[in-house]
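Engineer: So the chains spell out like this:
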Amino acid sequence: MHERLSFHIKRDSVIHRLNPLTKLVLILALILIAFTFPWYWAPHFLLLLAIIPLGILGRVFPEFFKTATRLILPAASFLFLMQAFFQPIGEDVIFKFYFLDITQESLMFAFRNAMRVFVMVSAFTLFLLTTHPSELMSDLTRRGLPPQFAYVIISTLQILPQMQAKAQTIIAAQRSRGLDTESTFLKRAGSVLPLVGPLVFGSLVEVEERAIAIEARGFTSKNVKTSLYEIPDPSFDKFIRWSLLGLVILSIAANLWPS
Amino acid sequence: MAFVNLQNVTYQYPLTKTPALQNINLQVDEGEFVAVVGPNGAGKSTLCYALAGFVPHFFKGEISGTIEVAGKESSKSTLDEWVLNVGLAFQNPFNQISGAKYTVFEEIAFGLENIGVPREEMKSRVEDAMALTGIRDLADRSPYSLSGGQQQRVALTSILVMRPRLLVLDEPTSQMDPIGTREVFGTIRKMAEDGMTVVLVEHKMEWIAQFADRVVALKDGSILLEGKPGEVLTSDLLAENGFGSSRYTSTAREAKKRGLWRKENLPVTLDEAVEGFALTLPFSSPKGAPRGRGESGK
Chain A
0 MHERLSFHIK
10 RDSVIHRLNP
20 LTKLVLILAL
30 ILIAFTFPWY
40 WAPHFLLLLA
50 IIPLGILGRV
60 FPEFFKTATR
70 LILPAASFLF
80 LMQAFFQPIG
90 EDVIFKFYFL
100 DITQESLMFA
110 FRNAMRVFVM
120 VSAFTLFLLT
130 THPSELMSDL
140 TRRGLPPQFA
150 YVIISTLQIL
160 PQMQAKAQTI
170 IAAQRSRGLD
180 TESTFLKRAG
190 SVLPLVGPLV
200 FGSLVEVEER
210 AIAIEARGFT
220 SKNVKTSLYE
230 IPDPSFDKFI
240 RWSLLGLVIL
250 SIAANLWPS
Chain B
1345 MAFVNLQNVT
1355 YQYPLTKTPA
1365 LQNINLQVDE
1375 GEFVAVVGPN
1385 GAGKSTLCYA
1395 LAGFVPHFFK
1405 GEISGTIEVA
1415 GKESSKSTLD
1425 EWVLNVGLAF
1435 QNPFNQISGA
1445 KYTVFEEIAF
1455 GLENIGVPRE
1465 EMKSRVEDAM
1475 ALTGIRDLAD
1485 RSPYSLSGGQ
1495 QQRVALTSIL
1505 VMRPRLLVLD
1515 EPTSQMDPIG
1525 TREVFGTIRK
1535 MAEDGMTVVL
1545 VEHKMEWIAQ
1555 FADRVVALKD
1565 GSILLEGKPG
1575 EVLTSDLLAE
1585 NGFGSSRYTS
1595 TAREAKKRGL
1605 WRKENLPVTL
1615 DEAVEGFALT
1625 LPFSSPKGAP
1635 RGRGESGK
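These protein sequence lines are chains A and B, in that order.
Each residue of the first sequence is one higher than the last, beginning at 0 in the working numbering.
Each residue of the second sequence is one higher than the last, beginning at 1345 in the working numbering.
Hint data in this document are derived by calculation from the structure and do not stem from the laboratory.
Bear in mind the structure is a predicted one, so any value in this text is a computation, not a measurement.
Check the hints yourself; a few may be wrong.
Quick look at which bits of chain B chain A covers, simulated, 3 or more residues with Cβ under 8 Å [stated by the list, open to error]: (1) 1414-1427; (2) 1498-1512; (3) 1538-1546; (4) 1600-1608.
A virtual CB, placed ideally from N, CA and C, is assigned to each residue, including glycine.
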């Protein structure tokens, strides 16, 4: 029951202390550069020279490594294989498997794309590992994000595990009344309705009560909202953000430059 | 002019055929602690929603009559203004947790953030409110990891911290043990003595008798009886209309039929019952009657 949908690991590090917006800009910049910089090895270098050092600086490398090898690597490998086999470019066939063939070009193409995706997902993972969702949201709210939007994001992260637990309870309750949940496919399909029904209708009732509860606590008040925590945004953070923006512009310009 | 003033309030939820409240007239003074009792479907929760502004602002539906709190009229106010004066906590604690916060401390501060209380004041108000309801040790826990009773305390604290002038509570102790219930009732009583007006829906008759100033009995959307707790809670009218009564009242009512209860009024609390039975039962005398719980008077 204590589970929640958050990867955040509470530690003290340079990266943890950065303003959430700076971190968001940082990972978006990494992703944009990986996708736009017109040099073949750019994503590979970003992984070695940015993502991994950031993971170490943020003191989350072990966790990052675990996610990377178990989740991101298989996905990127799959993407690599798909693109290597099915990208109809190049003449120089180097590997044949029945009617599928891999060419030198499709191999290179697939390798770069898989690497780009790897960098993108890794960057997001690092961001989630080092940023507390409520910190991010209160910082963004302070900068003008509608509080309703922030509320939807945060409460969804928190309520989903609760709904999961409730679904388990409903399944247990219905099974104890003889509902068949583990025989033939057709019988199990018939069991879906008595399971989903209470979950959906129960959730609708809950939504109404929750709306009343947050309304009673001034959620729609027209007063200017304040925040319990102060999220520091020193000029160093602003400097980083503008520099990153500059780098992204350079990368895109280099990409568009007619050469 | 009473602090809370309901005049001929009749209300019907949308898509229903019968009114949930019928011709309610109720006045509550500032600092008064009023308990509302009634069987299921009597309109207790609807009355709470009406006082807290959710009827009709949130639920829509048809309403007639006037609802006034602190000199303002509900129909001429908006819900976000209304909640600054009137706080509402209801039964199901799980649904009262905002879901937007990761610790109890942040959860309680949520309402103050919404109405724009400055940071330093916010912190001290949250600390004070938590001390009041005895949940300081929960400050860093996740609201979702708490027991039902603890969540109810958090829900109550989250409303108390906003310092409403009228506090509306719909069975705020339904998931608490007797010790927790006693503590919370004590807190609410103290808030009332400090000037907060309290309207409380509750089934636990003994606690009402001990703590409330006045009891309002609702049935089918109308007020059936109203008055001092000791009189209302023991009246035969309530018993005939399917209201629950405390076990002491029921016991004494049975005893009265057999001539074993000689006092005029029936008891609601243990102490009153002990006092009354001491007059008739041969093995105890009024003076040496055991009064405390578990401490026998041998």
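Engineer: Would you mind marking each hint as holding or not holding in the structure?
Structural biologist: Here's how the hints hold up against the structure:
Counting residues of the segment 1414-1427 of chain B whose C-beta sits closer than 8 Å to any C-beta of chain A gives 3, which meets the bar of three, so the coverage hint holds. Check result for the segment 1498-1512 of chain B against chain A: holds, 4 residues qualifying (beta carbon to beta carbon below 8 Å, three or more required). Coverage of the segment 1538-1546 of chain B by chain A is violated in this model, with 0 residues showing a Cβ closer than 8 Å to a Cβ of that chain against a need of three. Beta-carbon proximity to chain A at under 8 Å applies to 0 residues in the segment 1600-1608 of chain B; the threshold of 3 is not reached and the given coverage is violated.
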